[in-house]
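Student: Chains A and B, in that order, are what the protein sequence lines are.
Just add 54 to the spot in the first sequence (first one is 1) and you have the working numbering.
Just add 49 to the spot in the second sequence (first one is 1) and you have the working numbering.
Keep in mind the hints are simulated off the structure, nothing from the lab.
No experiment lies behind these values; they were computed from the predicted model shown.
Treat the hints loosely; a few may be bogus.
Unchecked claim - No farther apart than 25 Å at their CA atoms in a straight line, the calculated lysine to aspartate or glutamate pairs in the DMTMM-like style are these:
{"hint": "1", "chain 1": "A", "residue 1": "K86", "chain 2": "B", "residue 2": "D160"}
{"hint": "2", "chain 1": "A", "residue 1": "K94", "chain 2": "B", "residue 2": "D342"}
{"hint": "3", "chain 1": "A", "residue 1": "K94", "chain 2": "B", "residue 2": "E350"}
{"hint": "4", "chain 1": "B", "residue 1": "K59", "chain 2": "B", "residue 2": "D182"}
{"hint": "5", "chain 1": "B", "residue 1": "K302", "chain 2": "A", "residue 2": "D80"}
{"hint": "6", "chain 1": "A", "residue 1": "K94", "chain 2": "B", "residue 2": "E227"}
{"hint": "7", "chain 1": "B", "residue 1": "K59", "chain 2": "A", "residue 2": "D80"}
{"hint": "8", "chain 1": "A", "residue 1": "K204", "chain 2": "A", "residue 2": "E234"}
{"hint": "9", "chain 1": "B", "residue 1": "K59", "chain 2": "A", "residue 2": "E234"}
{"hint": "10", "chain 1": "A", "residue 1": "K94", "chain 2": "B", "residue 2": "E343"}
{"hint": "11", "chain 1": "A", "residue 1": "K92", "chain 2": "B", "residue 2": "E140"}
{"hint": "12", "chain 1": "A", "residue 1": "K63", "chain 2": "B", "residue 2": "E148"}
{"hint": "13", "chain 1": "B", "residue 1": "K59", "chain 2": "A", "residue 2": "E221"}
{"hint": "14", "chain 1": "A", "residue 1": "K204", "chain 2": "B", "residue 2": "E343"}
{"hint": "15", "chain 1": "B", "residue 1": "K302", "chain 2": "A", "residue 2": "E115"}
{"hint": "16", "chain 1": "A", "residue 1": "K86", "chain 2": "B", "residue 2": "E246"}
{"hint": "17", "chain 1": "A", "residue 1": "K86", "chain 2": "B", "residue 2": "E169"}
{"hint": "18", "chain 1": "A", "residue 1": "K63", "chain 2": "B", "residue 2": "D339"}
{"hint": "19", "chain 1": "A", "residue 1": "K66", "chain 2": "B", "residue 2": "E140"}
{"hint": "20", "chain 1": "A", "residue 1": "K86", "chain 2": "B", "residue 2": "D329"}
{"hint": "21", "chain 1": "A", "residue 1": "K66", "chain 2": "A", "residue 2": "E150"}
{"hint": "22", "chain 1": "A", "residue 1": "K63", "chain 2": "B", "residue 2": "E343"}
{"hint": "23", "chain 1": "A", "residue 1": "K92", "chain 2": "B", "residue 2": "E343"}
{"hint": "24", "chain 1": "A", "residue 1": "K63", "chain 2": "B", "residue 2": "E140"}
{"hint": "25", "chain 1": "A", "residue 1": "K86", "chain 2": "B", "residue 2": "D139"}
{"hint": "26", "chain 1": "A", "residue 1": "K94", "chain 2": "A", "residue 2": "E120"}
{"hint": "27", "chain 1": "A", "residue 1": "K164", "chain 2": "A", "residue 2": "E143"}
{"hint": "28", "chain 1": "A", "residue 1": "K63", "chain 2": "A", "residue 2": "D123"}
{"hint": "29", "chain 1": "A", "residue 1": "K63", "chain 2": "B", "residue 2": "D329"}
{"hint": "30", "chain 1": "B", "residue 1": "K59", "chain 2": "A", "residue 2": "D191"}
{"hint": "31", "chain 1": "A", "residue 1": "K66", "chain 2": "B", "residue 2": "E350"}
{"hint": "32", "chain 1": "A", "residue 1": "K94", "chain 2": "B", "residue 2": "D339"}
{"hint": "33", "chain 1": "A", "residue 1": "K94", "chain 2": "B", "residue 2": "D139"}
What the hints assert, rightly or not - Selected chain B positions facing chain A (Cβ under 8 Å, derived; list incomplete):
{"hint": "34", "residue": "E97"}
{"hint": "35", "residue": "E140"}
{"hint": "36", "residue": "R141"}
{"hint": "37", "residue": "E265"}
We put the CB at the ideal spot given by N, CA and C, even for glycine.
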Amino acid sequence: MLSCSDLRKGSKLIIDGEPHVIVQFDFTKPGKGQALYKCKLRNMITGSLFDRTYRSGETFETAALEERDMQYLYRDETGYVFMDQKSYEQVTLPEEALGDQKFFLVDNMKVNVLMFGDRGIGLTLPNFVNLRVTQSDPWVKGDTASGNNKPATVETGYTLQVPAFVEQGTLIQIDTRTGEYATRVKE
Amino acid sequence: MEGNWTLARKRPRLEQRARIVQTVRSFFVERDYLEVETPHRVPGNAPEAHIDAVTSDGWFLHTSPELCMKRLLAAGYPRLFQICRCWRADERGARHLPEFAMLEWYAAGCDYHQLMAECETLLTALVPEGRLDYQGRTIDLSPPWERLTVAEAFEGYASLSLTEALAAGRFDEIIALEIEPRLGLQGPTFLIEYPTELAALARRHPHRPQVAERFELYIAGLELANAFSELTDPVEQRRRFTAEEAARQAAGKPPYPSPEPFLRELAAMPEAAGIALGLDRLVMLLTGADTIDEVVAFTPELL
Numbered sequence: 055m056l057s058c059s060d061l062r063k064g065s066k067l068i069i070d071g072e073p074h075v076i077v078q079f080d081f082t083k084p085g086k087g088q089a090l091y092k093c094k095l096r097n098m099i100t101g102s103l104f105d106r107t108y109r110s111g112e113t114f115e116t117a118a119l120e121e122r123d124m125q126y127l128y129r130d131e132t133g134y135v136f137m138d139q140k141s142y143e144q145v146t147l148p149e150e151a152l153g154d155q156k157f158f159l160v161d162n163m164k165v166n167v168l169m170f171g172d173r174g175i176g177l178t179l180p181n182f183v184n185l186r187v188t189q190s191d192p193w194v195k196g197d198t199a200s201g202n203n204k205p206a207t208v209e210t211g212y213t214l215q216v217p218a219f220v221e222q223g224t225l226i227q228i229d230t231r232t233g234e235y236a237t238r239v240k241e
Numbered sequence: 050m051e052g053n054w055t056l057a058r059k060r061p062r063l064e065q066r067a068r069i070v071q072t073v074r075s076f077f078v079e080r081d082y083l084e085v086e087t088p089h090r091v092p093g094n095a096p097e098a099h100i101d102a103v104t105s106d107g108w109f110l111h112t113s114p115e116l117c118m119k120r121l122l123a124a125g126y127p128r129l130f131q132i133c134r135c136w137r138a139d140e141r142g143a144r145h146l147p148e149f150a151m152l153e154w155y156a157a158g159c160d161y162h163q164l165m166a167e168c169e170t171l172l173t174a175l176v177p178e179g180r181l182d183y184q185g186r187t188i189d190l191s192p193p194w195e196r197l198t199v200a201e202a203f204e205g206y207a208s209l210s211l212t213e214a215l216a217a218g219r220f221d222e223i224i225a226l227e228i229e230p231r232l233g234l235q236g237p238t239f240l241i242e243y244p245t246e247l248a249a250l251a252r253r254h255p256h257r258p259q260v261a262e263r264f265e266l267y268i269a270g271l272e273l274a275n276a277f278s279e280l281t282d283p284v285e286q287r288r289r290f291t292a293e294e295a296a297r298q299a300a301g302k303p304p305y306p307s308p309e310p311f312l313r314e315l316a317a318m319p320e321a322a323g324i325a326l327g328l329d330r331l332v333m334l335l336t337g338a339d340t341i342d343e344v345v346a347f348t349p350e351l352l
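Input sequences plus hints: build the corresponding full structure.
Tutor: Quick look at the structure:
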């Protein structure tokens with residue numbers, strides 16, 4: 055059982071018998087009032103999204119889902135294809151189940167695939183992934199308003215903020231949990 | 050080895066934050082407020098149904114310096130301010146940190162109308178150009194700001210009336226989800242005259258006893274400050290504390306010892322008004338930050 059204060063982005067709950075994941079989460083509390091937990095939930099079976107607000111005191115059943123070690127193979131028209139490392143069984147995840155995670159997949163990456171019966175419904179990635187910067191404008195010296203950062207696009211098409219010294223062609227490490235820049239990778 | 054990028058990229062805002070805190074401090078010093086520091090670790094806090102303290106070796110971290118500030122008022126210090134850390138258990142969101150920075154100030158001989166005027170003057174000192182750009186909106190800061198009663202806000206913005214919301218136990222939910230997002234969008238809004246039962250430390254309105262002289266300040270939908278004309282009647286205060294403490298214990302929260310020194314000395318406290326302002330949120334507004342994470346170096350997740 056989970057209580058409201060255990061809820062986070064990524065928490066998986068059973069609602070009406072089906073697994074749901076919290077895709078957006080915010081805690082809010084009007085001055086001196088009762089805490090409210092605003093969630094955007096995705097039904098992990100149907101993919102449908104909806105908003106729900108919970109109040110402190112409510113409890114939730116955790117979705118106990120099996121995680122299997124798999125390897126990312128390739129993408130085709132139906133989605134992203136993974137292979138079980140032991141049974142060699144293949145599982146396809148639709149693009150909607152991945153969200154921004156699709157930008158952090160590289161060929162042969164070892165991942166955990168979340169299973170609901172024999173269906174793949176979600177993914178846990180390694181915490182860090184190395185990706186090469188394909189586009190980033192040189193930093194304009196003296197641009198103090200933006201601080202010391204600038205936008206960059208990496209090989210998968212993902213755009214993020216990086217330090218001024220990161221150039222086009224630099225291999226960088228990204229934290230897959232937050233989508234943020236972590237460090238440069240020595241080559 | 051590179052330094053931590055999440056910390057490094059906050060530098061422009063942390064520099065702005067330091068300047069804002071300096072301006073705030075000078076503002077109060079110049080207006081004859083005495084800066085004080087009171088203990089962070091206390092035997093108990095003022096009991097409030099929905100504010101939970103962090104425990105500390107049998108005592109608690111303070112959720113606000115309010116009781117100590119008022120004991121100083123009662124001891125004859127007429128104008129006081131404090132900038133300190135406060136702790137509130139399990140409060141974490143885009144606008145909440147479990148450890149946050151609070152600015153509180155108290156003035157003897159004042160009521161909440163004078164505090165509203167002082168908020169206007171403080172923001173003018175911080176933003177001399179009188180306009181603030183926040184999340185795509187331009188907020189006009191020129192005084193006087195809108196004063197909206199809680200009852201009017203329910204009539205104008207909510208799906209229920211104030212009476213219905215109170216009866217259904219949905220007051221907080223309606224305020225947070227339906228009313229707050231509409232407040233302070235063109236210029237700041239003072240939401241005033243809260244139902245007395247929702248203002249445990251505030252004085253009743255002299256002509257309308259069902260409401261208390263409490264206000265909350267909103268700018269761009271962000272709740273920035275909470276203020277009262279302070280309750281100075283020790284008998285009434287004890288009665289309200291007993292009710293709040295009963296509500297806390299009914300909800301399974303740890304008991305607080307009754308704040309006897311405060312209740313004893315309250316009889317000596319002059320008429321006064323006091324206000325608590327979330328300093329991190331003020332910095333969010335003044336630096337255009339979407340989340341509270343952007344205006345502090347370390348969030349709990351970074352430790």
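Student: All hints are to be evaluated individually against the structure, with a verdict given for each.
Tutor: Cross-check of the supplied hints:
1. A/K86 with B/D160: holds, 20 Å
2. A/K94 with B/D342: holds, 21 Å
3. A/K94 with B/E350: It holds: about 22 Å lies between the C-alpha atoms, which stays within 25 Å.
4. B/K59 with B/D182: Holds, at roughly 19 Å.
5. B/K302 with A/D80: OK: B/K302 and A/D80 at ~24 Å, within 25 Å.
6. A/K94 with B/E227: holds, 17 Å
7. B/K59 with A/D80: holds, 22 Å
8. A/K204 with A/E234: Distance ~13 Å between A/K204 and A/E234 Cα, so the pair holds.
9. B/K59 with A/E234: holds, 13 Å
10. A/K94 with B/E343: Since the Cα atoms of A/K94 and B/E343 sit roughly 23 Å apart, the hinted pair holds (cutoff 25 Å).
11. A/K92 with B/E140: holds, 13 Å
12. A/K63 with B/E148: Status holds; Cα separation ~21 Å.
13. B/K59 with A/E221: holds, 21 Å
14. A/K204 with B/E343: holds, 16 Å
15. B/K302 with A/E115: holds, 23 Å
16. A/K86 with B/E246: holds, 12 Å
17. A/K86 with B/E169: At roughly 23 Å apart (the allowed maximum being 25 Å), B/E169 and A/K86 satisfy the hint.
18. A/K63 with B/D339: At roughly 18 Å apart (the allowed maximum being 25 Å), B/D339 and A/K63 satisfy the hint.
19. A/K66 with B/E140: holds, 21 Å
20. A/K86 with B/D329: holds, 17 Å
21. A/K66 with A/E150: holds, 16 Å
22. A/K63 with B/E343: holds, 19 Å
23. A/K92 with B/E343: holds, 21 Å
24. A/K63 with B/E140: holds, 15 Å
25. A/K86 with B/D139: Distance ~14 Å between A/K86 and B/D139 Cα, so the pair holds.
26. A/K94 with A/E120: Holds: A/K94 and A/E120 sit about 23 Å apart, inside 25 Å.
27. A/K164 with A/E143: Satisfied, since the Cα-Cα distance of roughly 15 Å is no more than 25 Å.
28. A/K63 with A/D123: It holds: about 23 Å lies between the C-alpha atoms, which stays within 25 Å.
29. A/K63 with B/D329: Holds, at roughly 23 Å.
30. B/K59 with A/D191: Holds, at roughly 21 Å.
31. A/K66 with B/E350: holds, 20 Å
32. A/K94 with B/D339: Within the cut-off at roughly 19 Å; holds.
33. A/K94 with B/D139: holds, 20 Å
34. E97: holds, 6 Å
35. E140: Nearest chain A Cβ about 6 Å off; hint holds.
36. R141: Since the shortest Cβ distance to chain A is 6 Å, the answer is holds.
37. E265: holds, 5 Å
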